[in-house]
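**Q** Listed below, chain by chain, are the residues.
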Amino acid sequence: MKILVVEDNLLTQKMIGFILSNWGFEFDLCNNGLHALKLLDRESYQLILLDLQMPEMNGYETITEIRMQLKLKLPVILMSAEQVTWGKKSYVDYGFNDFIPKPIKESSLNYLINKYIHHQLIQF
Amino acid sequence: MKANKRVTDFTYLISLSDEDESFMDEMKDIFLKENPEEIRLLAQAIEEQNYKQIMHLSHQIRSSIPFVGLDLLLDKSLMRIGAWAEGKKEIEKISRAFILVKKICEQAFLELMP
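Chains as they are written, first to last, in the numbering used here: chain A, 209 to 332; chain B, 532 to 645.
Incorrect hints may appear among the rest.
Here are the simulated EDC-like cross-link-like pairs (lysine to aspartate or glutamate), alpha carbons at most 16 Å apart as the crow flies [as the list claims (entries may be wrong)]: (1) B:Lys583 with B:Glu621; (2) B:Lys634 with B:Asp602; (3) A:Lys222 with B:Glu552; (4) A:Lys222 with B:Asp556; (5) A:Lys313 with B:Glu642; (6) A:Lys310 with B:Glu552; (7) A:Lys222 with B:Glu617; (8) B:Lys633 with B:Glu578; (9) B:Lys583 with A:Glu264; (10) B:Lys536 with B:Glu637; (11) B:Lys633 with B:Asp606; (12) B:Lys583 with B:Glu617; (13) A:Lys279 with A:Glu314; (14) B:Lys634 with B:Asp549; (15) A:Lys222 with B:Asp549; (16) A:Lys222 with B:Glu557; (17) A:Lys222 with B:Glu637; (18) B:Lys559 with B:Asp540; (19) A:Lys313 with B:Asp602; (20) B:Lys564 with B:Glu637; (21) A:Lys222 with A:Glu314; (22) A:Lys310 with B:Glu578; (23) A:Lys222 with B:Glu621; (24) A:Lys246 with A:Asp236; (25) A:Lys246 with A:Glu264; (26) B:Lys624 with B:Glu579.
Bear in mind the hints are in silico, worked out from the structure with no lab data behind them.
Generate the whole structure from the sequences, applying the supplied hints.
**A** This is the structure we're talking about:
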């Protein structure tokens, strides 16, 4: 069970890494979409936690690449300080499965990870 | 002269860390190292009217401040700075809002210094 965390803020990275370690998850950390795509090309993940505002390649661009170019269907959770709508579209329309507001609450992260990974386990 | 009221608060960090002292110390050290540089760079970006950089740095600072409890004081100001910078305007308003951000972050730094 490996999770990819795409987040450019070091404190947030450290916090998520600390929590995932305590819960016994394997994970990789990266700080922009370009790096995430390279990792997705060679590794297998069950879930992605994806920040929105990042340098070089932001969350919008990254999810588009994940869904349209890599054609990956794994669950992607958007992490953002605001509930986002882009024009008339919501995050779901862009390919995200769910949204977690920042600052992240441990209980919310726990709920969402269990929702998507547990769901995958049931299907599997 | 009245002493400044304490601005830092570790309720959020404590809740996340399960009171793991070494993790909390590591997080505080990261803030102490990164925040002054981010403030310095944001001041420079405002001086240069570099709206892209202003947006990036205000977002970075906004992401970091919850870990030391500054979000109640500064989240709105940083959100506004980011929004004005996205619109590539209101440099005067950005500059004024930054005064509070700088002041509070500097006080937090003093409180966190070992």
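**Q** All hints are to be evaluated individually against the structure, with a verdict given for each.
**A** Outcome of the hint check:
1. Under the criterion of a C-alpha separation no larger than 16 Å, the hint pairing Lys583 (chain B) with Glu621 (chain B) is consistent with the structure, at around 14 Å.
2. Taking the CA atoms of Lys634 (chain B) and Asp602 (chain B), the gap is about 14 Å. The hint holds against a cut of 16 Å.
3. Taking the CA atoms of Lys222 (chain A) and Glu552 (chain B), the gap is near 14 Å; set against the 16 Å cutoff, the hint holds.
4. Straight-line distance between C-alpha atoms of Lys222 (chain A) and Asp556 (chain B) comes to about 12 Å, which keeps the hinted pair within the 16 Å bound.
5. Pair hint Lys313 (chain A) plus Glu642 (chain B) does not hold up; C-alpha atoms about 25 Å apart against a cutoff of 16 Å.
6. Under the criterion of a C-alpha separation no larger than 16 Å, the hint pairing Lys310 (chain A) with Glu552 (chain B) is inconsistent with the structure, at around 23 Å.
7. In summary, the hint linking Lys222 (chain A) to Glu617 (chain B) is not supported, as the alpha carbons are separated by about 28 Å, beyond the 16 Å threshold.
8. For the suggested pair Lys633 (chain B) and Glu578 (chain B), the alpha carbons sit about 14 Å apart, so the restraint of at most 16 Å is met.
9. Proximity of Lys583 (chain B) to Glu264 (chain A) is assessed by CA-CA distance (about 12 Å); at most 16 Å being required, the pair is judged to hold.
10. Taken as a hint, the Lys536 (chain B) and Glu637 (chain B) pair is honoured in the structure, with Cα atoms around 13 Å apart against an allowance of 16 Å.
11. With a C-alpha separation of about 13 Å, the suggested pair Lys633 (chain B) and Asp606 (chain B) falls inside the 16 Å cut-off, and the hint holds.
12. A threshold of 16 Å between alpha carbons decides the hint, and for Lys583 (chain B) with Glu617 (chain B) the separation of about 7 Å falls inside it, so the pair holds.
13. A distance of roughly 30 Å separates the Cα atoms of Lys279 (chain A) and Glu314 (chain A); the hinted pair therefore is violated under the 16 Å criterion.
14. At roughly 30 Å between alpha-carbon atoms, Lys634 (chain B) and Asp549 (chain B) are farther apart than 16 Å, so this suggested pair is violated.
15. For the proposed pair Lys222 (chain A) and Asp549 (chain B), the alpha carbon gap of about 14 Å is at most 16 Å, so the pair holds.
16. A distance of roughly 9 Å separates the Cα atoms of Lys222 (chain A) and Glu557 (chain B); the hinted pair therefore holds under the 16 Å criterion.
17. Distance hint between Lys222 (chain A) and Glu637 (chain B) is unfulfilled; the C-alpha atoms sit about 23 Å from each other, more than 16 Å.
18. A C-alpha spacing of about 11 Å is found between Lys559 (chain B) and Asp540 (chain B), which places the hinted pair at or below 16 Å, so the restraint holds.
19. The straight-line distance between the Cα atoms of Lys313 (chain A) and Asp602 (chain B) is roughly 14 Å, inside the 16 Å bound, and the hint therefore holds.
20. Straight-line distance between C-alpha atoms of Lys564 (chain B) and Glu637 (chain B) comes to about 12 Å, which keeps the hinted pair within the 16 Å bound.
21. For a cut-off of 16 Å, the pair hint linking Lys222 (chain A) to Glu314 (chain A) stands: about 13 Å separates their Cα positions.
22. For the proposed pair Lys310 (chain A) and Glu578 (chain B), the alpha carbon gap of about 29 Å is over 16 Å, so the pair is violated.
23. For the suggested pair Lys222 (chain A) and Glu621 (chain B), the alpha carbons sit about 34 Å apart, so the restraint of at most 16 Å is broken.
24. A C-alpha spacing of about 12 Å is found between Lys246 (chain A) and Asp236 (chain A), which places the hinted pair at or below 16 Å, so the restraint holds.
25. Only pairs whose Cα atoms come within 16 Å are accepted, and Lys246 (chain A) paired with Glu264 (chain A) is accepted, the gap being roughly 14 Å.
26. Under the criterion of a C-alpha separation no larger than 16 Å, the hint pairing Lys624 (chain B) with Glu579 (chain B) is consistent with the structure, at around 15 Å.
When held up to the earlier numbered hints, the structure conflicts with 5, 6, 7, 13, 14, 17, 22, 23 and fits the remainder.
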